[in-house]
Each structure stands twice: as structure tokens, then as C-alpha cells.
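Chains as they are written, first to last, in the numbering used here: chain U, 1 to 321; chain Y, 1001 to 1435; chain P, 2001 to 2298.
It cannot be assumed that every hint is accurate.
Said to hold, decoys possible - No more than 30 Å apart at the CA atoms, straight line, and that leaves these computed lysine-lysine pairs for DSSO-like:
| hint | chain 1 | residue 1 | chain 2 | residue 2 |
| --- | --- | --- | --- | --- |
| 1 | P | K2243 | Y | K1356 |
| 2 | U | K83 | Y | K1232 |
| 3 | Y | K1248 | U | K83 |
| 4 | Y | K1062 | Y | K1222 |
| 5 | Y | K1232 | Y | K1075 |
| 6 | Y | K1345 | Y | K1380 |
| 7 | Y | K1337 | P | K2082 |
| 8 | P | K2161 | Y | K1075 |
| 9 | Y | K1232 | Y | K1248 |
| 10 | Y | K1222 | Y | K1232 |
| 11 | Y | K1290 | P | K2215 |
| 12 | U | K122 | P | K2215 |
| 13 | Y | K1380 | Y | K1248 |
| 14 | P | K2161 | U | K117 |
| 15 | Y | K1075 | P | K2243 |
| 16 | P | K2215 | U | K119 |
| 17 | Y | K1345 | U | K83 |
| 18 | P | K2082 | Y | K1062 |
| 19 | U | K83 | Y | K1188 |
| 20 | P | K2122 | U | K319 |
| 21 | Y | K1188 | Y | K1232 |
| 22 | Y | K1239 | Y | K1184 |
Honestly, the hints are just simulated from the structure, not real lab data.
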Amino acid sequence: MVQADQLSRPKLRKRSPRRAGTALGWPATVIFLAPAVIIFAVFVLLPMITAFSYSFFDWQGTARGAFSGIENFFTLFTAEPFKSDLPRALMHNLLLFAGAMVFQNTVGLAIASFLYKRKRFKKLFQTLYTLPYLVSPLVIGYLWTLLLSPLFGPVNALLKAIGLGELAQPWLGQPSTALWVIVLVTAWQWLGFPILLYGAALGGIPEELTEAASLDGATAWQRFRSITLPLLTSAIGTVSILTFIGSMEALALPYAMGGSTGSPAGATDVLSLMFYRTAFESGASNAIGVSSALATMMFIFIFGVALAFTSIIRRRERKLS
Amino acid sequence: MKVRPRHLIAALALAMLPLTACAPGSSSPAADKAAGTNASGCTSPETLKVWSWRPEDVAAYKKIFTSYEEKNCVKVDFQAFKNTEYNQILSTGLTGSNGPDVVQARAYGALQPLIVGGNLTDITGKVEGLDGMDKTIVTGAQGKADGKTYGVPFATQTMQVFYNKKIFKDEGVEVPTSWDDFIKVNEKIQGSGMTPLAVGAKDAWMMPFIHDIFGSAEYGGKDFRDGVQTGKKTFTDAKYVSSIQNLKDLQGFMPKDVVGASYTDAQVLFTNEQAAMFPGGSFELGFFQKQNPELDLGVFQVPVRSTSASQQPVSAAYADGNWAINAKSPKQEASLKLLQWMASKEFGQHVVDDLKQFSPVAGVTFNDPVMKEIWDLYQKSPAPYTLLVDFRYGTPSGTDLMGSGVQELFLGSKDAAGVAQKVQDGVSQWFKPTS
Amino acid sequence: MSLLTEKKPAAGVPVPQSKRPGPARRKGAAGRFAVSGFLWVYAVIAVAPLLVMVVSSLRTTREMARNPLALPLNPNFASYSKAWVEASFGTFFVNSLLVTVGSVLISTIVSLMAAYVLARSKSRVTGIIEAVFLSGLMLPVYLAILPVFYLLDSMGLVDNKFGLIMVYAALSIPFSVFVLTSFFRQLPLELEEAARIDGAGSFTMFWHIMLPLVKPAIATVVVFRFVPIWNDFFYPLILMRSKENYTLPVGLTTFFGEYQTDWPTLFAGLVIATIPLVVLFLVATKQIVAGLTAGMSK
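Could you build all of it, start to finish, from the sequences and the hints given here?
Here you go:
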């Protein structure tokens, strides 16, 4: 989250020569690390690995059958409905990510930059913007579904009342708008967080740099682009990775707004919904095997991308310092 | 969470959560309490844990079980969980320790993973009441592969059209007896500004449902289904396609932008008397009556054309779910006894009177006139809810295919033939006719 | 009218309303007005749906079906009592509080300790441990529900709040470690070196020196873990069997099922479930923001 070390004046931070090893000495290190490691290993790591291992077996309902190697993975790519659902769901996840990035890095960044210099109402704004995050995504999804109902929803009623009746449409009932609605609602819910983070990052940019630039005749936009933006790289990077993970694993909102089949007609289907359907709603006897394979693949994909992305960001940061 | 109808006619969330056999250690059989004697005072009643997916019925069930408890020296610990997550909870319950003894389990395809995983006790031939039940209903409790029976069906759900008597009277229309009449009725009601058909297509599971309501007779109900089972017919047959076309023809009478309207929106339309008709399942009756006691409603079966495959209108139906015994339960005997009682007329009558459900047990009587009407219509000309009953034994399931297919139909991205083809293609991935 | 006059003073100080006329000034004022307007508009967008929720909880379903946009002329508070009483929200509320506070407490404490050494260590082993923790951020949490269930089952912790607390605590470690490690890394080493010279042991250093410095990070971690745990419905649904152990979201989802067309009661329940989070956030927001800003400008 707060990779502020890259933002503070890099040249001024002293790097004292480190000892090869911990600053604390081994006994203390172990004591400090042990509780977290144990709890995490027992309650998360072990179950996760077990769950991943399910992908390599053939299941008979709740009974584990024979070892089947990568057959379950194979099924995901060759058998219906997975064969056609998988690429489409992945595409939707990526669109979610793209939409979220656009929204966060335009509206979010804009708001953050307007906000961090203000005195008046600053806290009020921050609270208001973050409020949606506090509400459970299921609740948000359900709420918006009601708001957008073509029959009873206030949104369409409002549009008609102010004379924009032609815009009133079944937002969640047609493939062309359904996914974008989910993108926007996700962005709406989550925006408070990037705003906070960007605001903090902006606060760390030394004034002298921007002032020097304006003295040299740079416009606000030029200042922003050449100075502020690069120095925000780390914050943007952090936000991006978290957004990526969130977009790839999105479940609550799409479920609340499109149901487990990704209504309408699969237009809001995402990978987690596929997992949920396959694991919990299908009558297939090998549901555990196939759904675990799907989740394993999701994890590998997310991990790989996050890794690649982080190294790119690190490289850019190093370039800056 | 996207709100699902609580009585999720298993139409959807039926899946059995394939659970893992990686169960850590077997559950140690709980010490069986010696059951007190039936005759004189019951000293230590045995506790049976019963699970259900109907939280709305908890109060009623507790009352129903009281009569059983007194006579059999048993204490029934009845617990209900939310429908949409019931499958996961059930799986953990059946494979973990301290699990339930008697459970509600889904029917047909969704039951299979539990059977295949060895979670349920085989009760073939051990429960008398099963013999008197409709074949289609009992099939819902059987294993596809081994043909054995694993449960006692607890409710039949029938499918028909509910209509608002008052609106019909005001509009001067009567229950239609032919398809053309039906269209005229819709047109008349629409002409006066009211929504004829309360349908919400946002919830995909409801689509195969209304397809059977409006189309079962068109494609020939039971005969068609038998034909598909033996390979003589497929879903691309002309009559099946025209049954899908029926929906498209009726779309104009449904709410505008029907794919954006949800199932609960449709319910509200009907109970608020903003729509004249509601194609739905028998489970809606209790709900409608509670939401709007003033609502004067009746039911009818969708009439046929002269060219329909079946010249008799039908009520499609299916088994909602079953009572089954946890294979790991240490109280097999007591559980079996409970199941036998659940197949008895006494229990069946409770289901009708207290739960307002249609018990599949033979010989029950209905006091509510609408319930009687629904049942009589069904008895007269039943049909199986084909896609749910027979085509959920594999993935992709028939109901899922029809669900998104009808949405595409309404959206205009597929025509009736295209939807039929989609169902056929999907189902043939795993379905083999038994010829 | 050179750029010098347009230079903004130090951050945080409101730009004084200049009385000087002239195009540049007016453009500045107009610009500021536009900015304010923009901020307010978005604030409305952010909050409006939630207001609708509150307003709707005071109407009746009939009203809402006929007139989606109207205000409650006859506020109907029955929905709130229905939600609180009929739906046992009282019990659920307490359970949620216990579970959430418990798990956030545990995870924050163990993560603080771990983050401290991870930030200060250069050894490969700790590097790997840190990487493993971070990869935990990417795990699809719903996947492990079955193995977790069996694990707790074997420990006899099913339907037991403690079991749930441990699971949540474990799931919170990656995020907490992530944030806290970054914060610790920023703190200059000189402080510790000075303390060491003065003879302080590791624990004293940790407790008296480092901890107070990362208070803002702690606030951040606490809030951003409190919210998802408070709102999680999936794990308690599977891991808790008896109603007395249910948390608020589980109660809510059952609620949804039963009252799905009773919109006002539904909304009342949602409002009740959300208020504690709002309160928490209002209380903590000062710290978080201060923390983030302070951390940034070191």
C-alpha cells in the first residue's frame, strides 16, 4: 500500500551499510515471526495447498477418486460449457480491470489532486467518498439492482422526470450495458481507497519541484505530467496491483447484480462466478476437480501477472532514483 | 446477494457441492442414547437432527414434528439454512463430524453427487409410502446409475398460470380455452394499459420454467420427453422450436425490457395488482396469499393450438426435493422410522395444511380451493418439467442452456431455432439416449 | 501578471481570495469553483444510493412500487423494529463484534511483530517468508472453504467463534504484513541504532520506539481489515451451524431470502448492519489520513 519510501526524497535517505542478516539477531527474529507464520501456515496455507491439490484428482461427488493429472485442466479448455465460457469470462474480468483503472486513474486521481490542497470540507469529502466501501458488496449489488430496475427503480424514474427519458433503459438487462454497470458500481464502491492513497502520495511530493517547474513556465498540466505523475508511480503501481487482483477475483458484486449465471445471457459472467457455478451449483460429479483446477489457474495467472507487473514498477522506480 | 426465491425449486442452486473425501478422520459415532420406551413415558428421547433449506417453514415444521415426537420418543432438532448456500452446508454436514441425521436433499440431477459420493443411505424397498407416489416424482429421489431410491420426496411443484380474477372481470375477459383466445385476452388487457404477463427475465432460472408453462403442451409434454429419452426425438424438432417461439410471441405482453426485470419485480407486479397474470409454480401460492390477502386469484393451464403436439393443456411438474438419511448418521433406525412417517398420509396432510405445499403422498385432501384447483388440473393432465427432471444429470444442464437461451431470444440475439439448437448441442455433450 | 503571481503557496493553506481583478484571477476563481463543483457532484454520486437506501427503509413496498422516487411522507419506522426483533439482529451484532474485533486484534499484533523483522532483515529466509505472505494476497479465498472446514472439524472448532476468529486472523495477515512492512521500511535506521547504543533490547525497541511511529499504519490496517471481515458472509455460513453463533451478514442473507419483496424491512436491516462501520470509519479516518500523509512526507 504505502510505498512511501520511494516517494520521499530518494537522494536524502541514507542507506547505512547493513549487516548481512537481521538487525535483531536470530532468536528474536524467530520469536517475532513465529506467531504469524504458524497461524498463516495452519489456517490458510495448508488448506489452500490442499484445495489446489484437488485439481489433480477425479472426483465422485464428495469422494475423491483416482489421480488424474492435468485432465481437469484439459477439460476446462476442451469441454463445454467451459470451453466457451472461460475465454468470455476472462475477457470480462480484464474489462473490469481496464474500466476500474481508467476510472481510478482519472476521476480518482483528479479528485485526489483537488483534495489534497484543500482545507475546507476535506475530511467530509474523504468520508463521503469512502462510505460506499464500508457497505458489503452484496448489499451494494442488491441495492443497485433495485435502483436500476426498469420497472421500479428510481434511476429510470429520475431520468424520465428530468426529461432524459430516452436514456432510460434496462441497464442490467442488456448485454451492452450490464457489464459496464458493474464496472462503474465497482469503481464507485472502491474509489475512496485510491483517493486516500493518491492523496497521501501527492502530499509527499516536494513543493520545490513543482514550483521550480512553474517558474520555468510549465503549465499545470505539464507540471502534472512530467513531475507529479512519475513520482506517483509507486502509488499507482500499488493501486494497480490491488485493482488487478480484485478485478480478477471479483465475485460479490457480479453475483449480486447478475446472478450466478452472469445474466443477461452470460454478459456479466466472470471467472469467480464460473468457479461458484461449477463448484456449488452443477450436478456434475467431478465438480470439485474441475472447479479447483479453475481456481488454481486463476491463482497462477494472477500471481504471474502481479510478479511481472511488480518488477516493471520496481524497474521504473529505480530509474527515478 | 442476488435474491433467489427461497423455495428455489431446486431449479437452480441444486448442485451438490461435490465435497472432498479428504475428510480429516472419520466422525466418531456419537454415543447412541438408549431410546425410552414408546409405551409408558419416554425417559430419554433420541435426538434426530433434521436439516432443511426452507427457513420460512421453520415454525410450521416445529409444530408438525411435535406430534411425531410425542408418539415416538424422539426429539427433532430442526434447522433450516438459506437456500442458496444450503448445498455447501449440507456437504460439510454429511462429510464432517456431528452431522445431521435426516436432511432435505435436492432432486434429480442435483442429487447424484451425494449418491455417488456415498453420503446417503439406500432406502429402496424400505419405505412403503413411496409406492403410492407419482413415478416422475419418485425418480427425483433415485440414483441415475444404480436406480436405487435414496429419499422420500417431500413436495411436488406444479407449473401453471396464476391470474387475477378481479382484473379479468374488469376487463371483461374469461379464462381462455384456445391459444388464439389466450392471445386475445392478452391484447385486451394490454389495450387498457395494464401489463398482461408478469415475467422477469433477469433471473435466468425462471426461463426454462415459463418455457414449460407456455410450451409443454405445444411440444407434447410427456410423449416428447419419452421420445428424447429413447432417441426418437431431439430438441431441434419443429414442435419444440415452436414451443420456444411461443415465448417470443408473448414477449410483447410482458413488461418492457423484460430481461432487465427481475423475478421479484414480477412478483411485486402481480401482488400489487399491476399485472393480470403470473406464470409460476405452485410454491407461489402461499407467498402471494401472504403478500396480498385481498388478491383474488385463480389458475389455468395454458391452452393449445390446433397444431400443438398435445391437444390437451398440461400442468408440468417435478419433485422439489427429498428427505434423505445421512449415511454417516449413527441413528439409522430412528431416521428410517422418521422417513417412513414422512411418506405417510398424516405427514402429507400436514404438508398441505401447514406448509401449503403439495405433498406427493397419495390420498391427501386440500382445503384451500385454489390449491384444490391446482391439484385437480395437475391430476387431469400432468407432464414432467422435462429439462429439470431429465436434463440436469450432466454439465451443461438443460435448464442452464434454456435459461440463457431464452434471455438471448428476448434480447433478439437468437431466434427460436437457435435456442433449440443451443440446448441440443449442450445436452448432447453428456446425454445418451437409452435406445 | 507573470506566473509568479499564480504560484500557489504552501500546500494546505487555502488560496486567498484575491481582490485583484483581471482575467488571470477570475480564471483562477472560476477554476476553483469548477473544482469545488466537481467534488460536490461526485460526493453526491457517492452517497446518493446510500441515502436512497435509508429513505426507502422508511416507506412501504406498495409506495415504492407505485412511486419509486418519492420521499417518505409518512415515515414508517416499523421496518426497523421488525429487522431488529424478528431477525435477531441483536445477537448477530454481538457475534460480529466479537469475531471481527478478535480477528483484527490477533492479526494486527502478529503482523506487527512479523513486519518489523521482515522490514529490517536482509536474510534470504525472511525474504521468502515475506514473499509467501504477499502471495497470500492473491489467493482466491473462497476456494479453501472445504479444507478449512475439515481442518476446524478435526480441531472441534466448527460452530465455534474461536475457529472463525483464527481463520479470519490468518486471512488478514498478508494484507497487514504488506502495509506494515512498507511503513517499517521507511523508518530511518538511525533511531534503532541510537537505541541500541543506549542498550535497548529488541523488544523494548519494538515496543517503545517503533510501534508509536507506525500508529497511522496500524489504523489503516485495522480499518481495512475490519470492514471486509465484518461484511463477510461466506465463512460464517459454512463454519457456524447454530443461529446463536451467526454473524450479522449471515443473518442478513437469511433475511434477504425471507423478506425479498419486503423492501423497507430489507433496507432497514442493511442500514442497521452498516452503521457500526460508518462510526468506526469516522473515528479512525483522522488517524488514517494523518498517517498516510505523515508517512509520505517523511
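Report task. Would you pick out the hints that fail for this structure and give their numbers low to high? Result -> Failing hints, ascending: 4, 5, 7, 11, 14, 17, 19, 21.
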